[in-house]
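Asker: Each chain, written out:
Number of protein chains: 4
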Amino acid sequence: MSEAYAHVLTKFGEALHDRRYPLPDPGPGEVLLRLEVSGVCGSDVHQWQGLDPRVPLPLIPGHEGVGRVVATGGEARDVQGAKLAEGDRIAFNRGVSCMACRTCVVLRQPALCPHRWVYGITRSCQDPPHLVGCYSSHVLLARNVQTLCLDDDLSPVVAVTAGCSGATAAHCFEEVRPGFGSRVVIQGPGPIGAYCAAFAKASGAETIIVVGGTASRLRLCEELGATHTINRRETTVAERLEEILELTGGEGADAVYEAAGDQAAIAEGLKWLRTGGAYVSCGVAEPRGGLEIDFFHDIARRNVRLQGIWVSDMRHLLEAVRLVEGQPETFERLVDGRFRFEEANEALEAVAAREVSKAVLIHDGPS
Amino acid sequence: MSEAYAHVLTKFGEALHDRRYPLPDPGPGEVLLRLEVSGVCGSDVHQWQGLDPRVPLPLIPGHEGVGRVVATGGEARDVQGAKLAEGDRIAFNRGVSCMACRTCVVLRQPALCPHRWVYGITRSCQDPPHLVGCYSSHVLLARNVQTLCLDDDLSPVVAVTAGCSGATAAHCFEEVRPGFGSRVVIQGPGPIGAYCAAFAKASGAETIIVVGGTASRLRLCEELGATHTINRRETTVAERLEEILELTGGEGADAVYEAAGDQAAIAEGLKWLRTGGAYVSCGVAEPRGGLEIDFFHDIARRNVRLQGIWVSDMRHLLEAVRLVEGQPETFERLVDGRFRFEEANEALEAVAAREVSKAVLIHDGPS
Amino acid sequence: MSEAYAHVLTKFGEALHDRRYPLPDPGPGEVLLRLEVSGVCGSDVHQWQGLDPRVPLPLIPGHEGVGRVVATGGEARDVQGAKLAEGDRIAFNRGVSCMACRTCVVLRQPALCPHRWVYGITRSCQDPPHLVGCYSSHVLLARNVQTLCLDDDLSPVVAVTAGCSGATAAHCFEEVRPGFGSRVVIQGPGPIGAYCAAFAKASGAETIIVVGGTASRLRLCEELGATHTINRRETTVAERLEEILELTGGEGADAVYEAAGDQAAIAEGLKWLRTGGAYVSCGVAEPRGGLEIDFFHDIARRNVRLQGIWVSDMRHLLEAVRLVEGQPETFERLVDGRFRFEEANEALEAVAAREVSKAVLIHDGPS
Amino acid sequence: MSEAYAHVLTKFGEALHDRRYPLPDPGPGEVLLRLEVSGVCGSDVHQWQGLDPRVPLPLIPGHEGVGRVVATGGEARDVQGAKLAEGDRIAFNRGVSCMACRTCVVLRQPALCPHRWVYGITRSCQDPPHLVGCYSSHVLLARNVQTLCLDDDLSPVVAVTAGCSGATAAHCFEEVRPGFGSRVVIQGPGPIGAYCAAFAKASGAETIIVVGGTASRLRLCEELGATHTINRRETTVAERLEEILELTGGEGADAVYEAAGDQAAIAEGLKWLRTGGAYVSCGVAEPRGGLEIDFFHDIARRNVRLQGIWVSDMRHLLEAVRLVEGQPETFERLVDGRFRFEEANEALEAVAAREVSKAVLIHDGPS
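Heads up: the protein sequence lines correspond to chains A, B, C and D, in order.
Residue 240 in our numbering sits at position 240 of the first sequence, and the numbers go up by one each step.
Residue 1001 in our numbering sits at position 1 of the second sequence, and the numbers go up by one each step.
Residue 2035 in our numbering sits at position 35 of the third sequence, and the numbers go up by one each step.
Residue 3149 in our numbering sits at position 149 of the fourth sequence, and the numbers go up by one each step.
Since the hints were made in silico from the structure, they are not lab data.
Heads up, the beta-carbon is just placed ideally off N, CA and C, and yes, glycines get one too.
All clues given are correct.
Dumping the calculated DSSO-like pairs for lysine-lysine here, alpha-carbon to alpha-carbon at most 27 Å:
hint : chain 1 : residue 1 : chain 2 : residue 2
1    : D       : Lys3201   : B       : Lys1201
2    : B       : Lys1271   : A       : Lys271
3    : C       : Lys2271   : D       : Lys3271
4    : A       : Lys201    : C       : Lys2201
5    : D       : Lys3201   : D       : Lys3271
6    : A       : Lys271    : A       : Lys201
7    : B       : Lys1271   : B       : Lys1201
Pulled a few chain C residues facing chain B out of the computed Cβ check, cut under 10 Å:
hint : residue
8    : Gly2081
9    : Arg2108
10   : Gln2109
11   : Asp2313
With the hints as extra help, turn the sequences into a complete structure.
Answerer: Spelled out as structure tokens, the structure:
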């Protein structure tokens, strides 16, 4: 293959167009990657629809990808020091932070770097090297992209879910890590919520309740760690509060993780906390207008922590990959929509219509 | 003196009445205390007005008091192990936690104990031993009240401010302690805000900005640690934001501490934070209705922590006392309203009318 | 039964004697407990041999016990607020801290309370109420003993191991909690080491290596969480170092937990750490003389934390009980020596001779 | 000036030789710096004597330097985002970490990066660009060296002490930050110990005891924050222990910071801790052979943390600079040996002979 084949967004809300780009020779420290799987994230839909102000056109969408090394510009190493060779399967950190500013170096929060740019979101494919999004046969990883070699045994379909959903969940659990024997509620049984269930189990939580609207996804969360599930389509607000109090010794939860993407969930979920508990929200990824909270009763009087979470960094990606390695078959079932790479538009529409929760594009070729 | 003399609230919103009670003999572990100074807290006004649902009648108000030991029931020791003797000056933790429940013992957050009761707020003086509030010549400290011996050199007027305002500020700084060289904003230059300025300095913060409406109180905050002050009566919302950004390297503050007691302050102050910053609120002590926040921009996108703070525990009281010991004359000037003990009603009215920020009642007698 | 039947140590190194004591009526807040299972801890042997300077004679040994409530003095509640009733099965915190001193209240480390006393170790049975050790049919729990109601389904044989070994391991993991995907080594596959393996798994560690000398115990550790084991009887110091480096990506472990009870283990285990790692030691429970370490290479140059652990508190006991509830059958196999209560001397000798790793005394009667 | 003038170590233990090197044109992101002040660190003496195995020959020694920008290769920015311009005074992080490996990116401990190299220690001046040590008129800062613009008001003599001594002390206080009102002991009143006194004060510690052998340096520590000093030349081991216990309420210190550079200090200082305290050691910078500790009594039984500290990172440098900005005149007095740049050999000898504690070389030219 001497050309890359990409799907390009040229006008918001319209179908992506196919484009061909020359395969670049990687410069010093760069890595040319042939993708095996591209993930379709819920936020891709918002970007497609023009709701994300960060997006320039034309754009190759897609910030989730796992693939194999085609070539490196001189020596390149992954984050664990492994030398990258042709054919190695790797994941990479979709966000590229400067690792030089006060946020990266002094505060040590590269996820929040003001100079961070993101594959598939913030850079146009207009100019060379073009290949800066994952809806493409190839991507060119810049010199300072952080990579991680994967076991050949680990399905790229599984690994691709770790890159964004898994890493974001890991970030939530870095900020607020539940104690041994603690009681946790998770709002939203989508990909991030499912990862949250698994991270809660890996934290030694005893009671892990997932609240959601789709029975099949709630069952999957049970396999990943949930000890109880509540179907919000079959319960009222009052019933959910009552059930959660009952499951948490009448005290409320030690922590609630919001991965529902709905501000109404926040106002409801704050009431599930015990005094001194923590509410961690990662599901609100674009502007939604005002949120009204009962500050005295839900925050002040109960000494509650409300923690916003924004994106993730390499630590989180590594933790998510380690997590899925322990239970890959179950995590693979997170993916309920598999499309051929050519079907990018169909995949986007299926996610937009909420017909599937997690879609991936499978590339042709030897894998 | 063989009787205690107390001011009793018998009907919300009406003047307190004088009452006499017999001086009790302290039972095992109890301490009978003759007060030298009683503090008048802003929340006393709310209780007087009937806005605090915890208050039973009749009540001896007052949760702030410093005095001298009259007698102990057998041996009694302070939190540092000192044996209490007649004539010792002591402070005490106004909140009495059970030290036996999951919150006290497992979560180690006695301030949040569900069984916590508070002198001058939650127990009626109807039944013996009656003396459970500080608007009284004497209080009887129950066996499990935590006490702290004070140096005779430390003015009881200073020490009394540490008991509630100082300890609450200490609690804020336990939850979110700014780093060396950090940039901090404090909303509200009242007693808690002034303590926050001093704790910020004791945390090694470099830039400490206090925002408030009273020039004299802002000047006092400068003596306690503020490096800059902003008078909110002389500035617009936009000007304050601009000035704070300028003082924080264009990034926003690492932490904002709210001691203004006004929900509008919260919505404004959240915008002063840098990405990854923390907002700590201890000023909202009674229901205020809904608060609208721009969740995406002010919490989610900026990975912000919003932390409610409720009351305080013995650790905080000790930290506050240690703090004032280093600068007692300056802290003494926090008290801008000194009343004779007999003038409790006048003191309450002066605080209610916001004529004074911090009032104390000075008791007669050898001190 | 109107009398308690106890084994009493009257002379160090000699056989325990049977004694009868009247069953006391519990005073206010006290709980009279009929034991179902008494644990025999390795430190019981040291106390029996007179190596522990805290022990007064005569002594009813035994600080591990699970039993059923016979009577309470008025209302008594467990740490979670459950009212204790006759017949309830409970565990209790063997150490009784004052919950009033600076260590308990300000530092919030009740395990380190200078006033802490311990059932079966620090109080003689000479004087009433006599029943302050677990080698007895009954114990009288003082008013401030912290208790925990257990499910009837949970075997008391399992629960008794949580009280000391499990809680001590929990304390280790409170001080140093390994991150998701981390690499951990545990020295010693005895009861504490086995709990450490389970807590490491509950922390989300990826690589959990247990080093020990008994194949059967290493296998048990594998069932509880160990991903690898190394038999120290079949390997040299150099081989162990090499194997651990290989299993930890050539870097060394993030954390090493010492539960071997042998100072030589410390000098060896420090070398297994990665730069920036932590060594946590809870196995050295009595004086052993000097330990020589290579401070520059093993601590300074590698920025290592060496953390001593002393005993445990109620948080730790609760965490250990929650842990065993998830896998009770496996934890039950920790107990490799079951003796009738009458065989206390035989049990002590078996532990002293290292014929069994964890012994319990099973009491007669309905259970 | 078209040439750089450097002092070069060509044979261990012998005098440095003068060398001239051509001034390089900075490549992309590089910065050519003309030094105003070069610091002489105690470890320079060890390197000179050949005791540090990291040192290649020939070497331009010196890892401490403050100077002014001569030229940049294209745009270069400091860690706070300021664009570097000719004439700007800057400090820089002496250690250059890769910011790409697991240690830097996942563990977020760039001080411990295995690829870290250090100006003046680990790179020979044999090959271009030669200028990789601070005993030189100029240094060339590589693209990934972290820099910090300084106020023109801040004396470079002061700033240079922050770069190594100050930053190392900051690292100690990141690992173990004493609480408000805590009690702290510092061993060694040299440059690092003096910074420790100032950081202890900036942490809100109440009691700050410095132990050392030179009266004048102890007095300087008092100006920086020490509340008490103990002269070890005038006291016995037993007297020091007694005095420290007396100053710490009979409990021992919450934390002890070792900056004495002497292993005997460690064995002594461990005994000054309270139960649950922390011992932080940064003074042992090269191999010293075995250290014997009483592990049971000094670590295990008292639940002590012993923390080794190795070097520092950019966060620490920034904190140290912020610290000195508050009290520059006092910090300037840390420097008790000022030499002309030409007198590098004399300066080294004075430090080796312990005639001065902190020496600097002052460069000629406009400043």
